[in-house]
Amino acid sequence: MSAAERKTMLLTTPFHSRVEQNCELNDWGAWQGYTTPNSYFDVELEYFAIRSTAGVLDLSPMNKYRISGPDAEAFLNRLVTRDVSKIGVNRVGYAVWCNDAGELMDDGTIFHLAENDYRLCSYMRADEWLEWNALGFDVTINNESDDIAALAIQGPVSCTILTLIGCEGLNELKPFGIARFDFEGVEMMVSRTGFTGDLGYEVWIDPSKAEALWDQLFGKGRDYLIKPIGSHALHMARIEAGFLQAKVDFVPAEIAVRPGRTRTPLEIGLDWQVDFNKPLFNGRAALLKQKEEGLRYRFVLLDVEGNKPAEHSFILKNGKQIGIVTSAAWCPTVKSNLAFAQVEMPHGAVGDEFVAEIYYQRELQWTRLMAPCKVIDGPLFNPSRKRQTPAPAH
Amino acid sequence: MNKYDAIVIGAGHNGLTNAAYLAKAGLKVAVLERNPHIGGATVSRELYEGWYYSNCSYVSSLLRPEITRDLELPRHGLQVVPFGGGATFMQNGDHFGNYSDYARKYREISRHSKRDANAYERYKADTSRQTRLIRPFLLKTPPDPTSLKLRDLKDLVEFAKPFINMDEEGLLDTIKFWTTSVGDYLNEYFETDVIKAQHAGSGIIGTALGVYSPGTAYVLLHHYMGDVDGNVGAWGFARGGMGAIANALSKSLQSFGGEIICDANVDRIIVKGGRTKGVSLKNGDEYFADIVVSNLDPKRTLLDITDERDLPKDVVQKAKNFKIRGSSGKLNIALDGLPMFDGLDPKNPLMAGDLHFSDSLERMERAYDDWKAGTWSKDPYLDMMIPSLTDPTMAPPGKHMMSVFVQYAPPKVEGREWTDEDKDGFEKSVIDQISKYSPNFRDLILHCETRTPREIEAEVGLTEGNIFQGELTFDQLLFNRPFPGYAQYRMPIKGMYMCSSGTHPGGGVMAAPGANAAREILCDLKRPNTVPGSYADD
Chain A
1 MSAAERKTML LTTPFHSRVE QNCELNDWGA WQGYTTPNSY FDVELEYFAI
51 RSTAGVLDLS PMNKYRISGP DAEAFLNRLV TRDVSKIGVN RVGYAVWCND
101 AGELMDDGTI FHLAENDYRL CSYMRADEWL EWNALGFDVT INNESDDIAA
151 LAIQGPVSCT ILTLIGCEGL NELKPFGIAR FDFEGVEMMV SRTGFTGDLG
201 YEVWIDPSKA EALWDQLFGK GRDYLIKPIG SHALHMARIE AGFLQAKVDF
251 VPAEIAVRPG RTRTPLEIGL DWQVDFNKPL FNGRAALLKQ KEEGLRYRFV
301 LLDVEGNKPA EHSFILKNGK QIGIVTSAAW CPTVKSNLAF AQVEMPHGAV
351 GDEFVAEIYY QRELQWTRLM APCKVIDGPL FNPSRKRQTP APAH
Chain B
395 MNKYDAIVIG AGHNGLTNAA YLAKAGLKVA VLERNPHIGG ATVSRELYEG
445 WYYSNCSYVS SLLRPEITRD LELPRHGLQV VPFGGGATFM QNGDHFGNYS
495 DYARKYREIS RHSKRDANAY ERYKADTSRQ TRLIRPFLLK TPPDPTSLKL
545 RDLKDLVEFA KPFINMDEEG LLDTIKFWTT SVGDYLNEYF ETDVIKAQHA
595 GSGIIGTALG VYSPGTAYVL LHHYMGDVDG NVGAWGFARG GMGAIANALS
645 KSLQSFGGEI ICDANVDRII VKGGRTKGVS LKNGDEYFAD IVVSNLDPKR
695 TLLDITDERD LPKDVVQKAK NFKIRGSSGK LNIALDGLPM FDGLDPKNPL
745 MAGDLHFSDS LERMERAYDD WKAGTWSKDP YLDMMIPSLT DPTMAPPGKH
795 MMSVFVQYAP PKVEGREWTD EDKDGFEKSV IDQISKYSPN FRDLILHCET
845 RTPREIEAEV GLTEGNIFQG ELTFDQLLFN RPFPGYAQYR MPIKGMYMCS
895 SGTHPGGGVM AAPGANAARE ILCDLKRPNT VPGSYADD
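Just so you know, the sequences run in chain order A and B.
Residue numbers for the first sequence follow our numbering, so the first one is 1 and each next one is one higher.
Residue numbers for the second sequence follow our numbering, so the first one is 395 and each next one is one higher.
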């Protein structure tokens, strides 16, 4: 195989040697062109590491764009729907962005690294869209996805373990804060962020130190029952926490093929992300118009009776289909049956009751279950340790 | 002032559950607890600084998810974390790893016997079939087969349906399963001693029977029918120890306005004109209520705190003859580090599961022989766990808490009461056994709490220290639990009920008896039912 041919194969992350050693089930998946584990040893136990001890996810394949220059803030404010000026230096903010029609393109996080210096992490690749939007702005945009190694360390003892590897005083870091520490002579950036709804951190470091970081974490973390986790366990945690996922809970506008399949932020429960006080951002006019004329859909969280996840279910009101489920799971920590749904307006106010038409298969036979469900005003999983500063020890 | 709608005696998990559902229905409820702390056998205590012991019950699986969700126990602080698999260490230095991942388990059984690895698939399907029969009835009141009431007839038909739907072979298998011994049952599937021994443990735990005693196959089912998040048969730890379950239940109860009164040792149920009127305490205090629910075992309820003269004679006789035999003890050990076992990497997830040292049915039966002879087993069957490998709050970092369930331990030693020397001997037989397989174990021991049936009975109030509040044999199950004619939670005195593990569906931290009894009480009071129905079980 030629070098050019080899380049088209799945890549491995800077942590691969360690990941491979721990991937006892040999259960690999692909994420942004990298091979990463779906599970390491037991999906259930990996999920519970996030909720009871600490789970470590190799985050390296995440799309990362460095945005810097005098117009960096102005550029981002034009790009995303929220007010970026409110994200202080050494703070992180969740953000979503739209096309001019107000259709949701993607969501991600903006790290304010220094004055005029930001990192945007996105689910979708955004090289082209960022380049187009940069026209007229004095900014430099650099795709640094392959240049930074990253791990998410999530769970009740995550702060304790990171403190042991040298993150002195980390417990004082507030949610969405950024702190920097020395790790074997290079800078290790730690943000109190994650995709699990739990106390947790993300660690960003030069790839040359990736293996050493892993070894330190698992060496010092062993007595605290640290465990590696794969994408399946993360999936369980993010549903329980009520977090949306692009391509699952909405179709990114850029890749939507069929008419009517996109949603605006207002229709997907992200109205709190849209700041109409900003004079101009992509999609503002369209979103304002929709706000005035009325929404087509509403995003809701449903508490579903019984224990069968309402995956891919239709949502019915008086026997008529008024919505669909995009994500659903039995939530192991809160012991509830949660579903994310998009319902037609005017349905979906908190307390509204519907029926989920659930199909499940046992020994080849499909069973249809009509499960009553109710709109709730937030995810049931909402532990205080997620918000507490100083962060608790366990 | 001391007047309530209902009084529940005993703040174990069933008493708290029962009270929570009564309070949820709007009743003014008080739970009276003899000890200064709640929980009964569902308790965590810090007996050595920094280490938390689940002193009695130590794992959770049977706790009904319908109840956990309905009473919002997670919001009240309960988190159940599953553990993966377990292992049996063998005398020849090898081990059998009971991996939870099916492919790994298959390869592990194959390492011992390829034929057994294949037979395991048949075993799994057959036991799953039996599990499916019983699971839908856990949150139901057992129908009375002698009753002609419409409700009983309807329930009987429902109960009989799956049996009627079975083919002849299935029916024969079922009858056999419910009556045979776990040893004989396993012999029909497996040829390898250690694999039989690994699976036989669940057939004898908490039971004063041996692996070859008829009826023990059902006990196996009792340990298989629970689940953690729908994984039937899976077991888990309550984060912070089993006391977390009682604590969450008590918070739920209090959220509905229920009261818990500790240090309240009930002496007598007050009966006037054939009706309960309340209870009197040993200290002379009285509490009044028209409904009195006992969470004590059937013997204590009917022979200790009820005046025999208030009861029909047949009930007194049945209570006297109720089988509730002490068969087990427990060691809770604070360890200075992780014990090493030959052939098992300390990082193997099996270390966080249930560990055993009995590698043949023969050894297990010999352990039972000691019990029959009136002494503790010299080569006991251990169900050993290290919960601090799953839950970092049980012991300081790098240190460990070990829970060792021990079988067999008789209620009396050669016919006399246990002495402290007996207790030391019992402890020694356990520690000696573990030390044979773990060279560093003995040196790691910082503190050890040893509980023989004597201590369990004295502290928790379980007659003879029987962990299930009565044997789980067919003569004491379903409409026979605690005894025929009284299986629907009502006692012969009007206003008096039982909600303990001595009633259907029996022992283990299930909370189903407490909930089922609440449903019957609310029905008698013509109040709306607050107890949830079962999840569809497939």
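Source of the hints: derived by calculation from the structure; they are not laboratory data.
Bear in mind the structure is a predicted one, so any value in this text is a computation, not a measurement.
Beta carbons: idealized from backbone N, C-alpha and C, even for Gly.
Check before you lean on any hint, since a few could be wrong.
[Said to hold, decoys possible] No more than 27 Å apart at the CA atoms, straight line, and that leaves these computed lysine-lysine pairs for DSSO-like: (1) B:K741 x A:K374; (2) B:K397 x B:K645; (3) A:K220 x B:K645; (4) B:K793 x A:K220; (5) B:K645 x A:K374.
[Unchecked claim] To be clear about the criterion: a stretch of chain B counts as covered by chain A if any three or more of its residues have a C-beta under 8 Å from a C-beta of chain A, and this derived list gives those stretches: (6) 474-480; (7) 503-515; (8) 536-546.
Checked against the structure, which of the hints given earlier come out wrong?
Hints 1, 3, 7, 8 are the ones this structure does not satisfy, whereas the remaining hints hold.
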